[in-house]
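Asker: Take the given structure of chain A and dock chain B to it, following the hints.
There are 2 protein chains.
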Amino acid sequence: MRYCARPEKGLSYHQVNTAIEAAFREHGEGRVQMPPKVYITFPKGDFRTMPAYLPAQEIAGVKIVNVHPENREHGLPTVMAMTILIDPESGVPRAVLNATSLTDMRTGAAGAVAAKYLSPDREVTVGVIGSGRQAEAQVMALADVRPISRLRIWSRDGKNAGAMASRFPDLDAGATGLEQACDADVVITTTPSRAPLVENDWIRDGTHINAIGADAPGKQELDPRILLRARVFVDDLAQAVHSGEVNVPISRGIFPPDQIAGTLGEVVTGKKRRGRPDEVTVFDSTGLAIQDLAIARLALEGAEWIDLPFP
Amino acid sequence: MRYCARPEKGLSYHQVNTAIEAAFREHGEGRVQMPPKVYITFPKGDFRTMPAYLPAQEIAGVKIVNVHPENREHGLPTVMAMTILIDPESGVPRAVLNATSLTDMRTGAAGAVAAKYLSPDREVTVGVIGSGRQAEAQVMALADVRPISRLRIWSRDGKNAGAMASRFPDLDAGATGLEQACDADVVITTTPSRAPLVENDWIRDGTHINAIGADAPGKQELDPRILLRARVFVDDLAQAVHSGEVNVPISRGIFPPDQIAGTLGEVVTGKKRRGRPDEVTVFDSTGLAIQDLAIARLALEGAEWIDLPFP
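The listed protein sequences derive, respectively, from chains A and B.
Residue numbers for the first sequence follow numbering that gives the first Met the number 0, beginning at 0 and rising by one.
Residue numbers for the second sequence follow numbering that gives the first Met the number 0, beginning at 0 and rising by one.
The set of hints was computed from the structure by calculation and includes no laboratory data.
Please note: incorrect hints may appear among the correct ones.
If several chains are the same, the list does not tell them apart, and a pair holds so long as it fits within one copy or across any two.
Only pairs whose alpha carbons sit at most 16 angstroms apart, straight line, appear in this in silico EDC-like list of lysine to aspartate or glutamate [as the list claims (entries may be wrong)]:
no.	residue 1	residue 2
1	43	204
2	8	303
3	271	28
4	115	20
5	8	278
6	43	171
7	43	88
8	43	222
9	43	57
10	43	86
11	8	300
12	115	72
13	43	69
14	8	171
15	8	120
This is chain A alone, in the form it adopts within the complex (with noise of 0.2 angstroms):
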């Protein structure tokens, strides 16, 4: 069995987004194994244990993973996740991956697959709500698929919005204020907001929208008139009645279930598309365990690793 501590190291936007909707296209096929995240709850915060089986690429296992928010105060990160990847042929355990900055990938691949099927296909000007960790990623999951001739960031603190852009001198970035940042091809959100965020009249015709930010009940990001004008897309559909934009606009009535228009997976084997050109989509992530074993097994093919003994 191995041990991988930087699984990301080496690891291109372009081969993860190629593993990621690979996985979503198995998802929308219905060839996965994945029963819902189960939650464990602590004082401070939680566990989620997510485990799936992908037949067709013979990968199987589990990913865990924390969310603390008071670890930031201890120096320690808010989320932290590992991976146990099992061989479905005999059940060992082949792998204990690191997975944190993997799960930062996976869910920038996410969004950068909802965009190459979604979003106008040319270059394309981006707005990003939120300047953390997953900001970043969703922006170079982005650029893989997508030339970015624009990109516009805004931040409750616009230092950090400043400091992201500086990220990337390669493109016409900057930040900018919260209307301004809406005003793109693609907008992001990736806050941790429990109170809608972005506006409906902000956002305009032809838009498509990567809602990552929400994760859990109680979080939404978007004017849910938003959602009611758009065509919804999720990753999973009980996930995001649970946990994602959705949940809270459904929970009060205001989003019928039923308007949502599928998932990633039936977008990407084509089941499911945009309408209109100058309809707006929004793909509504919370993230998913397949996610996290595609990205998994890619990253073990290159990956040091420590040989551990087992069984």
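Answerer: Below, chain B without anything else, positioned relative to chain A:
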């Protein structure tokens, strides 16, 4: 983060029984989080993901365990397990443990805890059905809570029963017939049988039975009339109904689930107990995630480890 390849080294059943009893006590007090096991099925086997949290003991984590019956043909164990311990305070994974032997030991200890509370409180005669690793674990764990005056072992292949007996040189141990093995104060069944092996007539009044083998739908070792006649305790109600000794009789309508007397946790906490001395008692074990976490935590204290960089 630590990796422990041989965490069972140096563990005594006295320590293990004590830790497992404490875990069942927490379960009986309703103070644990333990969602149902999650199954992923493969063409040739499956794996189960078992998360849990014992707040009183500050233990949290996940056991991952496979069952691949054809593995033996390739020189691999049928069952292999790994436990990940997570710090409830920060969510940091503290340790990954090879839990294959720990799984045997914690199952043995559950049988011992059941016998401690339900079998006659004196020197006992013991009959064991099956002679595999779990049969040995049950006897070793039991020997910590009851003096054993006689050990009789039945196995489909008598040679295996004799071989197991020879591994208990300090006991009056020997191979015997199936009916003779059932003539004991404590009867332990540890086979993968899918049809009853133990007949009702063979079990005398006052016997305590540890029914260990049945841990999946369709498995059973006891004549259902034994269950109807006995006071039946389970480790966890939902798991037992799904996959314990009672699963087949319940699914066939032979044994009503409301006839289950209670859980082992309720026995340990004194909420439930054996009735008359001449009553037959059955402990139906399916294996709980809290047992896995309790033994992992105990093992971690003394085990040799490899340091792994994380996060």
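Asker: For every hint, state whether the structure bears it out.
Answerer: These are the hints, each one checked on the structure:
no.	hint	in the structure
1	43 - 204	neither (41 angstroms within a copy, 51 angstroms between copies)
2	8 - 303	within (9 angstroms within a copy, 29 angstroms between copies)
3	271 - 28	within (12 angstroms within a copy, 50 angstroms between copies)
4	115 - 20	within (10 angstroms within a copy, 55 angstroms between copies)
5	8 - 278	neither (38 angstroms within a copy, 64 angstroms between copies)
6	43 - 171	neither (40 angstroms within a copy, 54 angstroms between copies)
7	43 - 88	between (39 angstroms within a copy, 7 angstroms between copies)
8	43 - 222	neither (29 angstroms within a copy, 48 angstroms between copies)
9	43 - 57	between (36 angstroms within a copy, 13 angstroms between copies)
10	43 - 86	between (34 angstroms within a copy, 11 angstroms between copies)
11	8 - 300	within (11 angstroms within a copy, 33 angstroms between copies)
12	115 - 72	neither (38 angstroms within a copy, 47 angstroms between copies)
13	43 - 69	within (7 angstroms within a copy, 43 angstroms between copies)
14	8 - 171	neither (27 angstroms within a copy, 60 angstroms between copies)
15	8 - 120	neither (30 angstroms within a copy, 60 angstroms between copies)
Hint check: violations occur at hints 1, 5, 6, 8, 12, 14, 15; the rest are consistent with the structure.
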